[in-house]
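Those protein sequence lines, which keep their order, are chains U and F.
Just so you know, this note's numbering puts the end of the first sequence at 207, numbered straight through with nothing missing.
Just so you know, this note's numbering puts the end of the second sequence at 803, numbered straight through with nothing missing.
Be aware that a few hints might be false.
[Unchecked claim] Keeping only pairs whose Cα atoms sit at most 30 Å apart, straight-line, the calculated BS3-like set for lysine-lysine is:
(1) 786(F) with 511(F)
(2) 183(U) with 144(U)
(3) 40(U) with 511(F)
(4) 118(U) with 511(F)
(5) 200(U) with 511(F)
(6) 635(F) with 40(U)
(7) 786(F) with 92(U)
(8) 511(F) with 144(U)
(9) 738(F) with 71(U)
(10) 635(F) with 200(U)
[What the hints assert, rightly or not] Just some of the chain F residues that point at chain U, by a computed CB distance under 7 Å:
(11) 518
(12) 583
(13) 588
(14) 596
(15) 616
(16) 656
No lab work stands behind these hints, which were simulated from the structure alone.
The structure displayed is predicted, hence computed values, not measured ones.
A virtual CB, placed ideally from N, CA and C, is assigned to each residue, including glycine.
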Amino acid sequence: MAKMGMVFDLKACIGCNACVIACKQENSLPDGVFFTKTLSEEYGVFPLANRVYIPTICNHCEDAPCEKVCPSGATYTRADGIVMVDDDKCIGCSSCAVACPYDQRTQMDAENFLKGLFGTGEITPFEEQGYGRYTPGTVTKCDFCSQRVDVGLDPACVVTCPTNARIFGDLDDPHSAPSKMIRERHGRPPMPEKNTKPKVFYVN
Amino acid sequence: MSIENKVFSGDTLRVGYRFQRHWDNSMAYAFFCAELGAGLYFVSLLLNSIVGMALGLLLVSTGKPYFHLAHMGVPTKSWRAMLRPDRSWISRGVWLLAGLIGAGFLYLAASLFGDSLGLEANSAVLWLLKIAAAACALGVMTYQGFAMSHSSAIAIWNSAIMPMASLLYSLAVGLAVARALVPPAQASGLTDTLLLLLLGLAVMHLMFLHSGWHGGPGARTSVELLLQSVYAKWFWGLVVAVGIVLPGLALSAVPASALAGAVSAVAVLAGFMAWRILIFKIGVFEPIMRMNPFHTAG
Chain U
4 MAKMGMVFDL KACIGCNACV IACKQENSLP DGVFFTKTLS EEYGVFPLAN
54 RVYIPTICNH CEDAPCEKVC PSGATYTRAD GIVMVDDDKC IGCSSCAVAC
104 PYDQRTQMDA ENFLKGLFGT GEITPFEEQG YGRYTPGTVT KCDFCSQRVD
154 VGLDPACVVT CPTNARIFGD LDDPHSAPSK MIRERHGRPP MPEKNTKPKV
204 FYVN
Chain F
506 MSIENKVFSG DTLRVGYRFQ RHWDNSMAYA FFCAELGAGL YFVSLLLNSI
556 VGMALGLLLV STGKPYFHLA HMGVPTKSWR AMLRPDRSWI SRGVWLLAGL
606 IGAGFLYLAA SLFGDSLGLE ANSAVLWLLK IAAAACALGV MTYQGFAMSH
656 SSAIAIWNSA IMPMASLLYS LAVGLAVARA LVPPAQASGL TDTLLLLLLG
706 LAVMHLMFLH SGWHGGPGAR TSVELLLQSV YAKWFWGLVV AVGIVLPGLA
756 LSAVPASALA GAVSAVAVLA GFMAWRILIF KIGVFEPIMR MNPFHTAG
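All chains, full assembly: derive it from the sequences and hints.
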């Protein structure tokens, strides 16, 4: 069985945020809602100072704490390992949001949809066609663009990345690009001490 | 590293601690109503105080659901919260709450109108209802602590002290309020128990601070927020001074005074409310990785 996952190459990421924009476009995310973010941090002291970019996303944990605490069964894991949220079942209690150590859950407040992308209260045709997929009040997150994965495409953020800093594929396949990268470059998951078995890895 | 040197990233794109703001004051009020109501019902059940039981049930059946629904994103689907008791403490809580309200009201009704219904005071039905109501009340008094301690995301909550704190506070506020509702002769006999519970709360707070301080970075940060930030005055002032020391002194000095009893009840309630709000405010998510990932990777 496939186990879809992602690898972030921290040396390749240039912090251009193209992935963030691609994600917002693909998923028609309203103002203030992000499924992926690129954090940045300076470290060291001049002249040995540097800046590093750290992309973040839902880690689609094998032992997902958000799934365990969900009281309505809205959060579930697909056969290919992608952790999903069923809008019809979500009651918006936010227990998944406080259970996620990576703070990757977002509540879709009704206000998010009303103010529009330009903050004028006017909804553009682009927003109108996209907002229908969400139920106000529910808690959402990245689903690795499951609609694209289902037809054999990579997630929008992966396709858009100009430096190949995001590599997506089947982690159960030892010959897949992410598996090789994790093996050869000693990939490590974020916050392994939380014991959630993330399917997202970082390499330097 | 002290609190001044830590990065709190908030909504910015920096790597740092992020405050938990998913569970807001509405949740704190809901937790308050549930633990106060269940504690009051449980203590009143033991004291045979009809007024206390009725008040406890009223809080649990109105305040708790109201504030939960106010918090919930899709309140019309809230019934779905009872679907996964096999894995979610929230689901288990809904069942316990339903059990307490059901068995609690039936026991209250049977206690009030049992004679006209032909129920004897020591009948098996009454005992069964009493045991069911007491068990569900104990469950409601503790489940919120388990719901918080279950996940490792917010380190300060991820501790066995959370359910213990819920139970101790439930009993303390329940007894403090019940004591103010029962006749003075009965109330004076409860003073020692309340003082013991206040001592228990003080020890629990010490354990909480100690385990957080010597815990992981997230737990340490939360304790630092509690002791060194804007929250410190509320913790020391309301939770400790008003919520524990003041009622302790008042009850020790004039144990038979009705006024001291009433003041103590209000003080313990104020301390408990402050604790419930603060415990949500100080919850932080840890940074996703160290500031220099290249330093430790590989």
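Hints and how they fare:
Taking the CA atoms of residue 786(F) and residue 511(F), the gap is near 17 Å; set against the 30 Å cutoff, the hint holds. Annotation: proposed proximity of residue 183(U) to residue 144(U) holds, straight-line Cα distance about 27 Å (limit 30 Å). Proposed proximity of residue 40(U) and residue 511(F) is supported: the alpha carbons are some 21 Å apart, at most 30 Å. Between the alpha carbons of residue 118(U) and residue 511(F) the distance comes to roughly 34 Å, so the proposed pair goes past 30 Å and is violated.
Between residue 200(U) and residue 511(F) the alpha-carbon distance is near 27 Å, which keeps this suggested pair within the 30 Å criterion. With a C-alpha separation of about 54 Å, the suggested pairing of residue 635(F) with residue 40(U) is violated against the 30 Å cut-off. At roughly 28 Å between alpha-carbon atoms, residue 786(F) and residue 92(U) fall within 30 Å of each other, so this suggested pair holds. A hinted pair counts as satisfied when its Cα atoms are at most 30 Å apart, and residue 511(F) with residue 144(U) qualifies at roughly 28 Å.
Of the supplied pair hints, the one linking residue 738(F) and residue 71(U) is violated, its CA atoms being roughly 36 Å apart against a limit of 30 Å. As the CA atoms of residue 635(F) and residue 200(U) are separated by approximately 45 Å, the hinted pair breaks the 30 Å bound. Hint status for residue 518(F) relative to chain U: holds, with the closest Cβ pair at about 5 Å, below 7 Å. The restraint placing residue 583(F) at the interface with chain U holds, with a minimum CB-CB distance near 6 Å, inside the 7 Å limit.
Interface restraint check: residue 588(F) against chain U, minimum CB-CB distance 5 Å, threshold 7 Å, status holds. Nearest Cβ of chain U to the Cβ of residue 596(F): about 4 Å, under the 7 Å cut. The hint holds. Annotation: interface hint on residue 616(F) violated; nearest CB of chain U at approximately 33 Å, more than 7 Å. Annotation: interface hint on residue 656(F) holds; nearest CB of chain U at approximately 4 Å, less than 7 Å.
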